[in-house]
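Undergrad: Take these sequences, add in the hints, and give me the full structure.
Residue numbers (the numbering used here), protein chains in the order written: chain W, 54 to 421; chain L, 42 to 317; chain B, 5 to 303.
Mixed in with the good hints there might be a few duds.
Derived CB-CB ranges, DEER-like [claimed, not checked]:
hint: 1; chain 1: W; residue 1: Phe321; chain 2: L; residue 2: Pro44; range: 34 to 42 Å
hint: 2; chain 1: W; residue 1: Arg140; chain 2: B; residue 2: Glu300; range: 50 to 58 Å
hint: 3; chain 1: W; residue 1: Asp233; chain 2: L; residue 2: Ser315; range: 52 to 60 Å
Selected chain W positions facing chain B (Cβ under 10 Å, derived; list incomplete) [claimed, not checked]:
hint: 4; residue: Tyr134
hint: 5; residue: Lys138
hint: 6; residue: Thr155
hint: 7; residue: Val158
hint: 8; residue: Met320
hint: 9; residue: Phe399
hint: 10; residue: Lys412
Covered, in the sense of this in silico footprint (three residues per stretch, anywhere, with C-beta under 8 Å from a C-beta of chain L), are these stretches of chain B [said to hold, decoys possible]:
hint: 11; region: 163-170
hint: 12; region: 202-211
Because the hints were derived from the structure by calculation, they are not lab data.
Bear in mind that the values here come from a model prediction, so they are computed numbers and not experimental data.
Idealized CB from N, CA, C, for every residue including glycine.
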Amino acid sequence: MAYVAIRGGEEAIAGSARIMDALRAMGAGDPIELDQITRQMPLLHSRVLSEGGLYHPRLAALALKQSLGDSLEAAFFLRAYRSTKPRLGETVPHDTRAMRVTRRVSAAFKDIPGGQMLGATPDYLHRLFRFELMDEGAETFQQITRDWFGNRPAAHRPTTFPKVLDTLRDEGLLPPLEEDDTPPFDITRTPLIFPVPRSAQLATMARGETGGLLALAYSNMRGYGDVHPTVGELRVGYLPVMAPHPVTGKPVEIGEVQVTECEIVAMFEKTDEGAPVFTLGYGACFGHNEVKAIAMAVLDRAISVAAEKGSIKNPSEDPEFVLLHVDGIESMGFCTHYKMPHYVTFQSDMDRLRAARDKAEEASDVSN
Amino acid sequence: MTPILNVENLTRIHGKGCERCLEATGPEHDTNICPHCGSVVAVADASFRLHRGEVLGIMGESGSGKSSLVKMLYFDDQPTSGRATYDLDGQSHDLFSLNEAQQRRLRDTAMGMVYQNPSLGLNFDISAGGNIAERLLMSDELRYGVIREKARALLARTEVPPARMDELPRNFSGGMQQRVQIARALSTGAPLLFLDEVTTGLDLSVQARILDLIMELQEDSGVSMLVVTHDLGVVRHLTTRTIVMKYGRIIESGLTDQILEDPQAAYTQQLVSSAL
Amino acid sequence: MFPTDTMAQGHAGAEYGFAFLDEDAKRELRRTIFKAVCIPGHQVPYASREMPIARGFGTGGMQLTLALLGPRDCVKVIDQGADDSVNAANIRAFFALTCPGVSGTTLTEGASVIQTRHRIPELPLRKDQILVFQVPYPDPLVLVEPNAAMRRRMHGRADYARLWVKLYEDMVAFDEITISHRYPTRINGHYIIDPSPIPRYDVPKLHQADCLYLFGAGREKRIYAVPPHTDAIPITFADVPFTVEEFIDRTTGKRHCCRRCGATDSFLDEFPDDAGNRVFQCSDAAWCDSRLTVQEAAE
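TA: Below, the structure is given as structure tokens:
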């Protein structure tokens, strides 16, 4: 009963904080710099940005540093920080055709308007250790940088591209885009009361935990569901952020955010009006996180299919099941809370068990 | 004397429906699917009365709309249009103008339903007695001792061994599950009972015993019953008056003996002769 | 994970406003509290901001307390009845950091707002006091119905028969109602609440109290209330009385008493000491301390 012995919890907590600090300092050489986290672990950093739901690259790096590299904890720092900030305004809706693209692929077509662009991806790298990285020096980085810029051909490619799906839409194989001016559901200001609109579904998944989204989407891909996706287009790049000018009200560019976007095409459905068309799933998140964007698109489709058919057959199709369980901050917190003292409730549990055992004994005494 | 149940022009269309749904479907068109909009006309313009203490049969093949009709009256489904009034202790309830809470209340205390599939009428994860307790609790019986006694008596009355009252109905035979459902339906002393294909899928000997049980219970309590079935034997055994449905329409109604001996509609003649 | 000492030394004062949350969030919380008080026992949804303490550690209670605290308030925080258990200490440190001017106390009678996890203080609360509960599961119907949309409808029409069926099944299996804590309690004759994981011992204190009880579920994003002088009845059968924990010594047939203050009328923590004996001690530390003080004064 060590918990009972902790009288003076404040000292214990202070002690724990000192150990945490010592852990990251002792024998660790120079303190890691925020730029090193951002530059050398951009994918981990991306994950924190997207799950934190706040695009603040520098604070995301600080969060990783302060949380000793725990991505769930780091995302949590950004969320908590966000709670203290008032809302200053809203951006206009963005067209991702305006993205400065660093990578785009389509699994649907061999070639696409503007061309496939593999960009930075570990997809086709062998997972074989490069043991020389164990001993890199600053000069190695300088050499790599010199080689990259030195051999780089003059920029002759465009940086923005049309959407692959536009071709399918022009042919009528996809449902036409409907103009919808409904303000999006704001999950930071409104609790999810089901049923919720698709914008709430997308917003919740956009800051969902990568592993949680992946597990649920994977269950659908494996057979607990039947989305059967084709990646119509996956793109990674930088999206200019447009906000209304405070005086003129006209949209002006206020910066850019790195975004991963995935559009999946799923099997066609019969429609009420006219010929059958393909169906779509959409995924997007801050930073470079392709697995998350694809998983989100699959789940978006899975939930929509069930809603259209009016019957939920698998967990991944149930909006309540998916949306209430993919948030890393909530699920991690609740899992962690079981470490806290529960001895009052346990006392009550023992009381009930003893009473039930007494009754059982009485009953067996009577029958004997 | 006012009928216990008065159903007027009840209609249920699945799908978006159009102006021509009713005129383009029915027995004379040999379909219940509207050729103009593809909607399914499950029930169209059904009107009938159920008198106090009467057992009324609703007969037809699957897809004739007979189950849809009963589902609406038990609030499992909403009608597209039409009206039904339930006369309870001299007070008339306009069923489809009640709010959800009022409908629940009426259904929990003053109606009983026995489904063909016991898993619809019973919770398989709670004991047989618990299933009956639930109905009693819904009608505000909060004495544990009384609930136990009533459940035991109801199960005994429907010939379920009291020793099995604390077992899960999941482990019961089909016939026994139907007995528990009947006990549950009877538990609040509701004056109106709906029976939807209650003997379908059971062994013949079990069927006969359940029908006998229903007959006895009806004679004892005078409960009014609406019996949905495709089985002429059930109609003959239980009912005094019968309605015949096809493609959502009532095509014939009258005394059961008359309908079985001297059917008027060609379809009924076919039904009756095919069973002989 | 939250080094309170480094936070205190760091930028907290400069970067964070009074009571941490932005003012819009506090206004929303206060509106939600009003609604909860107006509809006793009804779970009112609210946005629920992320706190810098993990979900499940009392973020719902913290948001309520932060929205309630003003400079003249005096706050007490308890967990398992004690002021100095780790979680209580941590939350109190956070209030001290973010609510300059607010005073803290361990005395039940000295606090205007008390935030608690799992207990209601032994000392009856006054009409000028508010007790804020940390709630892990706000909905008692989750025991019998997983679908949230369906549960809302069931609450609306006070459709609780399935909860009673659970009691029935308990009686059948054990001849006892085995719900030990989080005992479903009917408020003002309509809504049934989950009173948070308080022991059954504390449930009767909810009934017709002088103080206001507020319940905050941060992760599940619900707030509900038991206002002063409101009926709060634990659900049971007419012929099966609701019982509370008894702490009877089975060898003597008498009630165990607190090893510190000798109380025989308080909720006790039971634990093995180093010699392997079971010992009992008041769970409410402030209550136990105040009894000891009185005894010492008398000697």
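Undergrad: Each hint should be assessed against the structure and marked as holding or not.
TA: Evaluated hints:
| no. | hint | in the structure |
| --- | --- | --- |
| 1 | Phe321(W) / Pro44(L): 34 to 42 Å | violated, 52 Å |
| 2 | Arg140(W) / Glu300(B): 50 to 58 Å | holds, 55 Å |
| 3 | Asp233(W) / Ser315(L): 52 to 60 Å | holds, 55 Å |
| 4 | Tyr134 | holds, 8 Å |
| 5 | Lys138 | holds, 6 Å |
| 6 | Thr155 | violated, 31 Å |
| 7 | Val158 | violated, 35 Å |
| 8 | Met320 | violated, 28 Å |
| 9 | Phe399 | holds, 9 Å |
| 10 | Lys412 | holds, 4 Å |
| 11 | 163-170 | holds (count 5) |
| 12 | 202-211 | violated (count 0) |
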